[in-house]
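K.L.:
As a plain string of letters, each chain reads:
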Amino acid sequence: MYRVMRFEVLHAKRQHLLFFLALVLLLSASLFTQYLLEQRSQGRAAKLEQLRLLPKGEILRPALLGYQQLGADLLWLRVVQVLGDRVVRDKDYEWLYHALDVITTVDPKYVYAYEAGGVVLAELASRVDLSNRLLEKGLAPNPSSWQIPFRLGFNHFFHLGDHTRAAEYMAQAARIPGPFPIGPPHYTARLASRLYVQGKNPEVALEFLEAMLEQTTDELVREKLQRRIRRISLERDLQMLEQQIRQYADSRGRRPASLMELVLAGLLPGIPSEPYGGDYLYDSKTGKVMSSTHDERMGVYVPADSLATRGDVE
Amino acid sequence: MEHSNIILKTAGLRKTFKVGFWGREVTALEGLDLEVKQGEVFGFLGPNGAGKTTTIKMLMGLIYPTSGQAWLFGRPIGDQESKARLGFLPESPYFYDYLTGLEFLQFYGHLFGLRGVTLEKRIDELLELVGMSHARHLQLRKFSKGMLQRVGIAQALINDPELVVLDEPMSGLDPVGRKEIRDLILCLKESGKTIFFSSHILHDAELLCDRVAIILKGRQVACGRVSELIDEGVAHSVEVVIDGLSPEGLARLRQLADRVIVQGPQVLAVLPSRQQVGPVLEIIRGAGATLVSLTPHKGSLEDLFIREVKNKQPELREAV
Amino acid sequence: MRILSIALNTFRENLREKLLYNLLFFALLMIGSSILLSRITLGDYHRLILDLGLASINLFGVLIAIFVGIGLVSKEVDRKTIYTIVSKPIPRYEFLLGKYCGLVITLLANTVVMVAGLLIVLQVMDVPITSLVFKSLALIFLELMVITAVAVLFSTFTSATLSAIFTLAVYVIGHLSGDLKEFAKKLDEVSQMVVNAIYYTLPNLERFNLKGHVIHHLDFGMTDMALSLTYGLTYSAFLLLLASVIFQRRDFQ
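Chains as they are written, first to last, in our numbering: chain A, 6 to 319; chain B, -12 to 307; chain C, 38 to 290.
Watch out, some of these pointers could steer you wrong.
Residues from chain A shown here face chain C by an in silico Cβ test under 7 Å; the list is partial [claimed, not checked]:
1) ALA27
2) LEU28
3) LEU31
4) LEU32
5) SER33
6) THR38
7) GLN39
8) TYR40
9) GLY71
10) LEU82
11) GLN86
12) LEU272
25 Å max Cα-Cα, derived DSS-like pairs, lysine-lysine [unchecked claim]:
13) LYS166(B) x LYS176(B)
14) LYS108(B) x LYS(-4)(B)
15) LYS24(B) x LYS176(B)
16) LYS218(C) x LYS5(B)
17) LYS166(B) x LYS180(B)
18) LYS222(C) x LYS172(C)
19) LYS204(B) x LYS112(C)
20) LYS112(C) x LYS5(B)
21) LYS117(C) x LYS129(B)
22) LYS132(B) x LYS117(C)
23) LYS55(C) x LYS61(A)
24) LYS132(B) x LYS112(C)
25) LYS129(B) x LYS112(C)
26) LYS129(B) x LYS55(C)
These aren't lab readings, by the way, just hints derived from the structure by calculation.
These numbers were taken from a predicted model, which means no experiment stands behind them.
Positions of the beta carbon are idealized from the N, C-alpha and C atoms, including for glycine.
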């Protein structure tokens, strides 16, 4: 009997080992196929694919069974993952817009999604049209948010050069009551009124941009704003120089031979330094001043009403 | 196995359970040693909660012993081959109540690899044996308790087992139902099967068993032939009822009897043993009285049981 | 053979369950309702019918798998019907496998009915039936098999209610685990390890989701199909083996 027992024990032990090995084998086999599948479906492409395949918000909304906010949060997380990659092809932004549209349809009060989405679409994707479409959608469901009209105002001012619309949106933002994080920053109302009156003045633009810079924490947007500030400072200097030249010509009956003459005449405390480190080139025949770094002028700020903004060259 | 006629054997079988959130250990069975021989009816007795069902579950491979060993047909418990020679009826069985009697038995037949005509024949026989032929197309949910018990026994017998284990086969049944199950057990014994059953009803065991084991609170307190256990150290008292005994005769009777009760013209006397019967009969003859009845009192398992509780395990008294 | 007997008995048990018919009825109702909805929608109604049909088959399949699956073993233990089975010469793993196969047969029968309903609707509404639809259905069925295995695994050691909660949780996490892994890339190392552990031990149910492919006519090659099938089957086998090991050690009290 003891022999039988020992055999049984051995048998049981061997069985345990077999079971254990089989468990490990099966788990690793399933993990391996999982890994193969993962390799095949190229992580990133899959992520974008998922965004692209999102059902329409109108369909998704009822399917979330009351968990709209959670659903919007999860989708937002996904969107953020795609954005985090930084190398996004132009056509991917269509899907990005689609995803943002779904998020804001599922949860129309997701102000941050409008705001951040608006920034990303306008600044990263250079798709001001999509940015404005998204932001305009957010106006109606969020009447107490100043961020959305503020953003819209900025888009119209900065990207579209439409100062009247920009002023209207700024005024709308300025009407929201409350101290700063709840209400708009204190300078909003002043900006709005100045935009109404003298939208094309580079001084106003600089003031607007400085205010935006103060308020923005996102590095990418800050960098963009700083670039634009530099570019507009250049424009402001050019306009200022040309105006002094005109004034000089009016009083002396001739244009100055060089910019130094303006300083000598006491019209300028000194020649301003070119923000990009170049020089101001003066053509005494036409009375025009040019920068050695930028040969194009910013149309919007030239008194003659004209074209939309051109991108700055660096 | 040394003795091939020993069908079931346990050695120091012990089971503890962990109960409650903190896993407090409770001993359900403390070192059980049993031997069941081929062809006998073995009663496994004890009050509710004594550890009978725990023991049977271990033998059937439903739970694992904490320590100790047990063998069925000379093989360690849980062995598939020995299970093939076994039939089991659990306590207050619940079966697949969506099945009809026939489907139910077919299912268990299939588990033993029985098919076709062989199975049909076997089912017919079994339904006949347990008296359930009328219920073959009735769903089990419509069965009475007694019917379930009988179809449960049929299920236990589907593989024509050598050992039949029944857990509380007679509990919850009416007297007629109990009689039927008793007859069934005797009938199985006649056909050469070994039967191991548990019960807390001692009277049933007394009528059926060749040998019994008694457990109390997980401890084995007695084991042996029923007649031996009953006779062990018991003086058999005798009860006598006499009509028309004279006062003088009554006085003499009082000297012999343990107890005398006078009820009108009749006298009831309890004699301590058979030795007193002769003298009492002489008293009756001498007094010209009539003997109405004379009943020798046999010891019962119940007496034994109560004695065991009182003597051996004073701390267990509350268990009965 | 014994496994088959237990499977067929389980199938019979499931067939006599009212829950099954209720769920099946609602599934067919939803598939049918897509005809009505397609009348009021604008544009691509093919998409709506396919969307709704596949989603219904998937969702109701999962509901059946979970709510029948959790009772599969625990009900037998609770109602003590398992006593008569385990005392017969049947290894416990055979019992478990039999119960599992029984529910898989039930799910197959259900899915066949639902798919028949969908095909009729597609035929009536003149929606082209591509091979992708069948690939998607096959993977939906595979997902049901995995979820059933999860339900069986949980029901070998916890109560029916707890297994239902656990299985539902695995279902939800199983669909989100791919995202979790992506999100974790932005977290610290410890969180990453935790999330990766979850990702690799829980089933990645998104692998069985071809609904997007069907709607947007994206290709799903035979290699992908074979890999997905292998993944589902090996993972189910793993779960069942684990369940068997746990079940083997269990005391039935």
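K.L.:
Looking back at the hints listed earlier, which ones does the structure fail to meet?
P.N.:
5, 8, 9, 12, 14, 16, 18, 19, 23
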